[in-house]
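Based on these hints, arrange chain B on the given structure of chain A.
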Amino acid sequence: MRPSFLHHLHPPTIPARQARLRYSLAAGGLAIFLSMILLVTGLLELFYYIPTPDQAATSIQTLTFLVPYGGLVRNLHYWSAQFLVIVTLVHLLRVIFTGAYAAPRRFNYLLGMGLLVLAVLLDFTGYVLRWDEGIHWALVTGTNLVKSIPLIGNALYIMLVGGTQPGPATLIRFYGWHIFGLTLAAGILTGWHIFRVRRDGGIAVPPPALRQDQARITRFELVRREVLAMLVTATALLLLSTFAPAPLSAPITSPAPAFGTTLAPWFFLWVQQMLKLGNPFFWGVFVPLAVLVLLSLIPYILPKPTKPELGRWFPKSNRLAQVVALVIFLAMLVLTLLAFLPAS
Amino acid sequence: MRRYFLPAASIFLLLGLLISAWQESRHPKPIDLTPTLTGQVEYCLSCHSDLAEISSSHPVKSFGCVLCHAGERLALDANLAHSTMRAGKNPSDFSVVQASCGGANCHSGTAEDFRDHIQRATTSIQATYAGAIANIRYTFGVQADLKARLGVFAVQVPQSTSGITELAAFDPLQETNSFILAFGQNCLTCHLSALPVQTGGRYDHFTGCSACHTPTQSASLTSVDTNTATQVHKLTTAISYTQCNTCHNRGNYDLRSMTFQPRSDLPTDRLHDYYQPIAQFTRCEWKLDCVDCHTRTEAMGDGNLYSVKKNIQYIQCKTCHGTLADRPQTRTLTDPNDPAFRLALLNPVVTLQLGEPILVSEKGEPLWNTRVLPDGTYQLVGKATGKVFSFKPVMGSACTQTGDDQSSAYCHTCHSVQR
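Going down the list, the protein sequences come from chains A and B.
So the first sequence is numbered by this note's numbering: it starts at 1 and just counts up by one.
So the second sequence is numbered by this note's numbering: it starts at 1001 and just counts up by one.
Next comes chain A alone, as it looks inside the complex:
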């Protein structure tokens, strides 16, 4: 059988052992699938969304309640975005816990870290586009955090917000970043990331001589599995989007956040919890950036995974990296859960 275009995008064969769900967790592939859903639903939302403070929230209400299936499209966009962040994190953890970032894949690991940052930034900018009271507190707090950066904080704030407080300039800037700047960067990095997966020799496996299992699957089997994963994911997303609407609240009408929602979006709750410890720059900017840098440097500064141990879970050779990643993610998880507890 001659490969179709879709088949041709895949390598002719890949190692069977590493192609299994229990190894790859399908996380990388799902990230691409979710990105495609986000692109399509986002394009549809563009037809209704009006990026002005007066009309942003009401245009989303129009889309949600009055446009046939508009609410479904918005919910799909919302849930895909939340899952994209989760799936990207799972993908990162899989790569660390299998030592798959070993040279020559160190650079692609950095591209992947870049994509994680972009996914989070896209999620946050999209969240702000609601321009309703549900995002107001996080917008004010988040942008004020930028101000806390020594020397460049104020200039950075003006650049980001476009004034001394969030307003029309802020919304159009976040809109520009969301639909163009960040999306373009994410598109380029995604293409580059996929290209580097192939260029670096596909999924990480030991050299042929050291492999215990020489079995391989064809691109036809690989595509079949991908389609299966996409169908299952699409069904789950569809049902979730049908019954669990994306959050929405009353439009922002005054500069001060209305009393009520004082929670950051879930992926920033760990930062919000750390802010309670004191210095906003240290806990709100420095520590998150340090965590990001530490995670990014894992392939460069921590003991490297050895070749014979590639392609399986928890190799001994990079145990330290696994522990570091585990500690970081558990800490983030605990901080996130703490943020839900009522303030004492």
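The set of hints was computed from the structure by calculation and includes no laboratory data.
We put the CB at the ideal spot given by N, CA and C, even for glycine.
A few of these clues could be false.
[Claimed, not checked] Partner residues aside, some chain A positions facing chain B, computed with beta carbon under 7 Å:
no.	residue
1	Gln55
2	Thr58
3	Gln61
4	Phe65
5	Leu66
6	Val67
7	Leu231
8	Val232
9	Ala234
10	Thr235
11	Leu240
12	Thr242
13	Pro247
14	Leu248
15	Leu263
What follows is chain B alone, placed relative to chain A:
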């Protein structure tokens, strides 16, 4: 078995699509309305199409819902749609009345065209409760005279001609006297911003304008529905005595214990319901409704701040009946802009004609539901009941009054009803 995975997953996705379409079909069908006064489409009627129009003066086609109630006009989710409503279900509460009912073309117009309702109502003694507060503070020695200085909320009326131009907010917690503190905590339930005390629904009422203008109490005593009293969507100027009773005859304040004592009797007819057992009254005082005699300035104030009810309440027996020496004052309606016409339009129990003589109060307020008959007697149509009552002047009758004494006890000596 693996070969069934793909077809099975495809079928599940199709099922998901069907479920999604089914769920979409269950959403409320949007019903749009673009009120002429706002020009902005709203979808409240998608859920509230069964709601009766609030009054003929506020047709939904002109006003819609959002102009008065606010809320999210596009949202078809109840929580979101209602999240920004003014003061919940009652936009006439005085905390938001300016935004809901105000505006130069609505109820915050000028005194000259009788459209300054909000200014008058919010400064009236029923709203400020200034008299009772001053009286209590005087009684317990905290202030030297009965002049009002504090109100339920702070209010300023620079142009007030009564000698009082401002009231500060009364804060019971600032009072050192325990009786005044107890008064503040237990007895501040009798003004237009106060929620009704718990009396089992029988005396439930709204706050603000709706305290009087939304009939939460059915005029028929046998059908008091405690669940629906505050579900009423109606504004009216045909105010039954039952609405006045939600404050004025629902019980008493015991000043020794500083507590509210709810009315203990459960009357089933108008004669026994109208007043509490202790009261003395004449036939017209229970056959008519309160608003048949008491004017809108008496109830809603005249825009000045007062210390005591007597300063604003002035209708007496002689307003309609005159004295042995004088007939009651009358006015022939020659001006088509006479406010009597508009008042009669709002509550069309009578059809006033140009050239028709009606009774007027001592201050010249039209008693627009009365007319002078050719034989020199008078007629009054009940504003809430539509019933026609005939009555005669004192002049030429066998009454032995001195004329200058119009006190309640004096007239009641001969004219009280026994029950």
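Hints and how they fare:
1. Gln55: With Cβ-Cβ at 11 Å, over 7 Å, it is violated.
2. Thr58: Constraint on A/Thr58 satisfied, holds at 6 Å.
3. Gln61: holds (4 Å)
4. Phe65: holds (4 Å)
5. Leu66: holds (6 Å)
6. Val67: violated (10 Å)
7. Leu231: For A/Leu231, the interface hint holds, since the closest Cβ of chain B sits about 4 Å away, which is under 7 Å.
8. Val232: holds (6 Å)
9. Ala234: Holds. Min distance 6 Å.
10. Thr235: Where the cut-off is 7 Å and the nearest Cβ of chain B is about 4 Å from A/Thr235, the hint holds.
11. Leu240: violated (10 Å)
12. Thr242: holds (4 Å)
13. Pro247: Because about 10 Å separates A/Pro247 from the closest Cβ in chain B, which is outside the 7 Å limit, the hint is violated.
14. Leu248: Cβ of A/Leu248 sits 6 Å from chain B, so the hint holds.
15. Leu263: Status violated, d = 17 Å.
Violation of the numbered hints given earlier is confined to hints 1, 6, 11, 13, 15; the remaining hints are satisfied by the structure.
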